[in-house]
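K.L.:
Listed below are the residues making up each chain.
There are 2 protein chains.
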Amino acid sequence: MTDLPNVDQGGLSWLDASGEHSDIVLSTRIRLARNLQGHAFGARARVNDRATVLERVRKATETVPHLRRAEIRELSDLSANGRRVLMERRLVSRDLLGETEESTGPLSSSGVALPPDVPLSVMINEEDHLRLQALNSGLNLRAAWDLVDLLDEELGQELPYAYHHEFGFLTSCPTNVGTGLRASVLLHLPALVLTKEIGKVLQGLSQMGLTFRGLYGEGSEVVGNFFQLSNQTTLGKSEEDLVDHLDRMVRQVIQYESQARSVLMRDASAVTEDKIWRAYGLLRYARSLSFEELMNLLSGVRLGAGLKLLPGLRVYPLNKIMIFTQPAHLEDAAGRELSPAEEDAHRAAYVRSILSTEGRIFNDEGSDDAPTESTG
Amino acid sequence: MTDLPNVDQGGLSWLDASGEHSDIVLSTRIRLARNLQGHAFGARARVNDRATVLERVRKATETVPHLRRAEIRELSDLSANGRRVLMERRLVSRDLLGETEESTGPLSSSGVALPPDVPLSVMINEEDHLRLQALNSGLNLRAAWDLVDLLDEELGQELPYAYHHEFGFLTSCPTNVGTGLRASVLLHLPALVLTKEIGKVLQGLSQMGLTFRGLYGEGSEVVGNFFQLSNQTTLGKSEEDLVDHLDRMVRQVIQYESQARSVLMRDASAVTEDKIWRAYGLLRYARSLSFEELMNLLSGVRLGAGLKLLPGLRVYPLNKIMIFTQPAHLEDAAGRELSPAEEDAHRAAYVRSILSTEGRIFNDEGSDDAPTESTG
Chain Y
1 MTDLPNVDQG GLSWLDASGE HSDIVLSTRI RLARNLQGHA FGARARVNDR ATVLERVRKA
61 TETVPHLRRA EIRELSDLSA NGRRVLMERR LVSRDLLGET EESTGPLSSS GVALPPDVPL
121 SVMINEEDHL RLQALNSGLN LRAAWDLVDL LDEELGQELP YAYHHEFGFL TSCPTNVGTG
181 LRASVLLHLP ALVLTKEIGK VLQGLSQMGL TFRGLYGEGS EVVGNFFQLS NQTTLGKSEE
241 DLVDHLDRMV RQVIQYESQA RSVLMRDASA VTEDKIWRAY GLLRYARSLS FEELMNLLSG
301 VRLGAGLKLL PGLRVYPLNK IMIFTQPAHL EDAAGRELSP AEEDAHRAAY VRSILSTEGR
361 IFNDEGSDDA PTESTG
Chain H
1 MTDLPNVDQG GLSWLDASGE HSDIVLSTRI RLARNLQGHA FGARARVNDR ATVLERVRKA
61 TETVPHLRRA EIRELSDLSA NGRRVLMERR LVSRDLLGET EESTGPLSSS GVALPPDVPL
121 SVMINEEDHL RLQALNSGLN LRAAWDLVDL LDEELGQELP YAYHHEFGFL TSCPTNVGTG
181 LRASVLLHLP ALVLTKEIGK VLQGLSQMGL TFRGLYGEGS EVVGNFFQLS NQTTLGKSEE
241 DLVDHLDRMV RQVIQYESQA RSVLMRDASA VTEDKIWRAY GLLRYARSLS FEELMNLLSG
301 VRLGAGLKLL PGLRVYPLNK IMIFTQPAHL EDAAGRELSP AEEDAHRAAY VRSILSTEGR
361 IFNDEGSDDA PTESTG
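Residue numbers (this note's numbering), protein chains in the order written: chain Y, 1 to 376; chain H, 1 to 376.
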């Protein structure tokens, strides 16, 4: 994308599968909700409040170390597709886009600040005045917390946060009051789904104060066996406790998933291998793919990569496929709007291009070729 | 197969896609039903009759030019799997195997004579004393008729056929009385099926005195969009008329199929291409395939080869896949019995081996590789 030339990897460094357990954990995210004293927040914020908040953040980027040289993008300055690209990269939330039944675009003075060299983003005038977010590859809660905590401290020295001595940080929605913290980890749990243990696991996590969502956060469905696991409460515990608790739980889930993978390979290796290679075959050659089908097939192939059944395949290109086959990314790459049929065709073409390049690097040359693809 | 070392291409020369229209027509078959005077035939034939018939045919191979050097195989001398291999190659009928509810093997003195160098076979003591068959690649009714007619004449000089001056050749089943001729053509009609015109076409053919069956002849279901088209009547017309009539009708059907293929490419090229490449992807990588699924996928890939959408792929290897992935052929290659799950795994492995070799020859090297396959 040409929209973020100054941001490291276009804001996608969390995608590179460099973090711990990245065969099972796609990414770690921690966000803090903050509001500024003296300005109405949430639904009560007026145009004036919002404009002032944006201005104050803009000013802060001159002095706050972690925001220095950050690009501030006002959402109304971007095309509708450009905004969606940011959302698909998980740099801004769906809410910030302002695409609701009542509205077709962002509210005034909505924006995002993206530093060039650290995996941070600050959403401005979302549900709260500020949403500070750190986004890392793999399971990396401690690093994400340290980073966002530092930014929070630096920013708090410039901007007067709304804080109550008893409740903690004040937020637009009461569920965020207290630490304002939500830590979440995006997990790929295909084996727990295949062995039908996922329900039990999620139930247990819910009893431990955790909640799960789909790929796009609140209200989104689970696709491709990706589960976003996060803390439910933000009040009454320290940030470190919340983060440590989630970390312990996630490690437990990773262990369950690993065990389920072993069980699959022990009790149903033929069926599992067949399933994985079929998914690979379809991704490799299909001429049309919906995003949902893609995610389901990708889930199989990702499992295959994790189980070393597709030994030439790295996780990073698979992660890339997830991001770059989303609708706004496909339109961005095409440089124009795409009809639904065109979108599915472009998606399939992108997947083929990645898988054939990926194959070429690791392939036992010549043993596994295909007929020449028609270019007509 | 080691069973037919002296027969050209193991009796599979009809498979090599050398004949006319071989992208649509797999093969042409003409058979003549004959019985010998002085011996009861059909269900009334006793062990003695059958033994004498076999002996007389054996003797005839010494003098009849087209049977000279023919191998005569008595079915009871073959293993059950060896018999099924012959059936899967369409050199003998299912009936000759004698695998009915009452019986687990062939009746006494059942046999087949296979000349080494011409695509002929003579079944002995099937429903009739003799079934003379010529089997050719592609659409080739005239050549098949000439060949089987010659054999019939030669054999008739040695053996006294049961013949009635009014009815013609006498046969066990009244539907064969007269010429005793059945000419059939095995057609691959995927586009007529996809465009849902097949019903209308088959209905029209039925009004023209033709009938259709599946891959294995009478009573077998249509799989993989292969239709075996043949004459219904054998009485009251000359052999040449029957053959010419079928030839005209088949050419008409080929034209319908070609038109339907053009329509598909005009109105639904994206969907068709996607379908074909998906079929290819599954065949290329699946680890387990039932014969029925294989045939359905192969039908798509065969259509793709015909439409030049899979330009590296020849029809001959696809024909080979059809034959060598049948159960008896898989067991024959494995040298042992296979469980159903093993059979599906061996089938998939065979398909992969053929498609990867086939791809290698025609492939734009390096553009389309896959991850190294696990050999574990």
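Honestly, the hints are just simulated from the structure, not real lab data.
For clarity, every value in this text was computed on a predicted model and none was experimentally measured.
Among the hints, a few may not be true.
[Said to hold, decoys possible] No farther apart than 27 Å at their CA atoms in a straight line, the calculated lysine-lysine pairs in the BS3-like style are these:
{"hint": "1", "chain 1": "H", "residue 1": "K200", "chain 2": "H", "residue 2": "K275"}
{"hint": "2", "chain 1": "Y", "residue 1": "K275", "chain 2": "Y", "residue 2": "K320"}
{"hint": "3", "chain 1": "Y", "residue 1": "K275", "chain 2": "H", "residue 2": "K200"}
{"hint": "4", "chain 1": "Y", "residue 1": "K308", "chain 2": "Y", "residue 2": "K320"}
{"hint": "5", "chain 1": "H", "residue 1": "K320", "chain 2": "Y", "residue 2": "K275"}
{"hint": "6", "chain 1": "H", "residue 1": "K200", "chain 2": "Y", "residue 2": "K320"}
K.L.:
Find the hints from earlier in the document that the structure breaks and name them by number, from lowest to highest.
P.N.:
Those not satisfied are hints 3 and 6.
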